[in-house]
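Each of the two chains sits in its own frame; use the hints to bring them together as a complex.
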Amino acid sequence: EDKVVQSPLSLVVHEGDTVTLNCSYEVTNFRSLLWYKQEKKAPTFLFMLTSSGIEKKSGRLSSILDKKELSSILNITATQTGDSAIYLCAVVDGSSNTGKLIFGQGTTLQVKP
Amino acid sequence: GAGVSQSPSNKVTEKGKDVELRCDPISGHTALYWYRQSLGQGLEFLIYFQGNSAPDKSGLPSDRFSAERTGGSVSTLTIQRTQQEDSAVYLCASSLMGGGNTIYFGEGSWLTVV
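Protein sequences appear in the order of chains A and B. Quick note, the first sequence lines up with residues 1 to 113 if you use the numbering used here. Quick note, the second sequence lines up with residues 114 to 227 if you use the numbering used here.
Since the hints were derived computationally from the structure, they do not count as laboratory data. Accuracy of the hints is not assured; some may be wrong.
[As the list claims (entries may be wrong)] Pairs of lysine-lysine residues, derived as DSSO-like cross-links and limited to a Cα-Cα distance of at most 27 Å, are as follows:
| # | chain 1 | residue 1 | chain 2 | residue 2 |
| --- | --- | --- | --- | --- |
| 1 | A | K37 | B | K124 |
| 2 | A | K67 | A | K41 |
| 3 | A | K68 | B | K170 |
| 4 | A | K41 | B | K170 |
| 5 | A | K41 | B | K130 |
| 6 | B | K124 | A | K57 |
| 7 | B | K128 | A | K57 |
| 8 | B | K170 | A | K3 |
[Unchecked claim] Example chain B residues on the side facing chain A (calculated, C-beta under 10 Å, incomplete):
| # | residue |
| --- | --- |
| 9 | A115 |
| 10 | G116 |
| 11 | L156 |
| 12 | D176 |
| 13 | F178 |
| 14 | V202 |
| 15 | G211 |
For each residue, glycine too, the CB sits at the ideal point set by N, CA and C.
Okay, chain B solo, but in the shape it has when bound (with noise of 0.2 Å):
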């Protein structure tokens, strides 16, 4: 597609159920990225994928945190058992090959955890 694109774009959920996020990346990038922007606070980073595989997971915060990527496309961000410390917007995030190459953002998913 022209942009990485995100659904949903909001989210309202109750604590303790488990959302999924999906993101489709720009056509042709390879690398893939979710970030995590609390209130008020900077982008945090979560995993990195080149391709299907996630060579570096380590921003994910706890074990309900997963991701996986198929077809070295779309993205799936779950979240197990949803706490109110997960409400922030989530950012997936796309660039050619990883590396220094430019990253380009989506428009997010806002998660509200009531």
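Chain A on its own, in the form it takes in the complex (with noise of 0.2 Å):
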């Protein structure tokens, strides 16, 4: 059964840490990998991984994908209050044309000030 798990579930840090997000596939079908920061209800996109090894960043924030690991994590330097938020990882499904996103559990970050 294909699945995304994400590491660690919670994490609680203060102003100006730095702190780096793992998230682990199983799929058969991969196609593409997403990150998604969710601080109240809609998950609002921050990346998309099609390539191995190459580095997408934008601002504090920087993820990269290792297809040879099955793997992602994603970087925030510099943490902010307004960072806290569930960070979800998704994987499109490439078994049809759908482009369906199968997810991990998310992890929970608290920022604190």
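Next up, the structure:
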């Protein structure tokens, strides 16, 4: 059965810390991997990764995919309280052409002042 | 519209009643998805639309759940004879064409069955 696993499930840090969130997957027909940030209800898109070893960067956030290890990491440097959220990792299931996502459980990040 | 719009944002219903949840995708997006997020759980796929047809309904948990899409735009998710385990956030998402395109989510409809 296809699955996506995130770790840690929750994390508490202080402002200014750097955090690394992990995502591993076992998906028979991998197409791409996405990261989302969920603060209230709507997950907001962060990154889409399709190629191994190429870092995507947006401000203090960056992410990279390792297809050999079937994993991805999301890094957040100089964390701020506004980074507190659930971070969701999802893999696009390429077994059909639907583009449907298989989600991990999410990592809940709390950044304390 | 500018983003995916869902209504109602919150709904409390009595066990056994039917509910309808509405989704208005981003204008021009042909692919539409419904997901469910129960408390403390990841997002669970329910159904996928391409235009008005639903080639993948594999995630619908029971025959009490159905969805339709009209005019290649608005979609309605209907839950009949609601049960307490149906309580969750129902998230709608759309993408340009499906496949590997980025999927954008709406704010969700929080359903509580009492």
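Checked hints:
1. A:K37 with B:K124: holds (24 Å)
2. A:K67 with A:K41: violated (30 Å)
3. A:K68 with B:K170: violated (32 Å)
4. A:K41 with B:K170: Cα-Cα ~23 Å, so holds.
5. A:K41 with B:K130: holds (24 Å)
6. B:K124 with A:K57: Roughly 38 Å separates the two Cα atoms, so the pair is violated.
7. B:K128 with A:K57: violated (46 Å)
8. B:K170 with A:K3: holds (19 Å)
9. A115: Where the cut-off is 10 Å and the nearest Cβ of chain A is about 13 Å from A115 (chain B), the hint is violated.
10. G116: holds (8 Å)
11. L156: holds (4 Å)
12. D176: violated (21 Å)
13. F178: violated (16 Å)
14. V202: holds (6 Å)
15. G211: holds (4 Å)
Of the numbered hints stated above, those contradicted by the structure are hints 2, 3, 6, 7, 9, 12 and 13, listed in ascending order.
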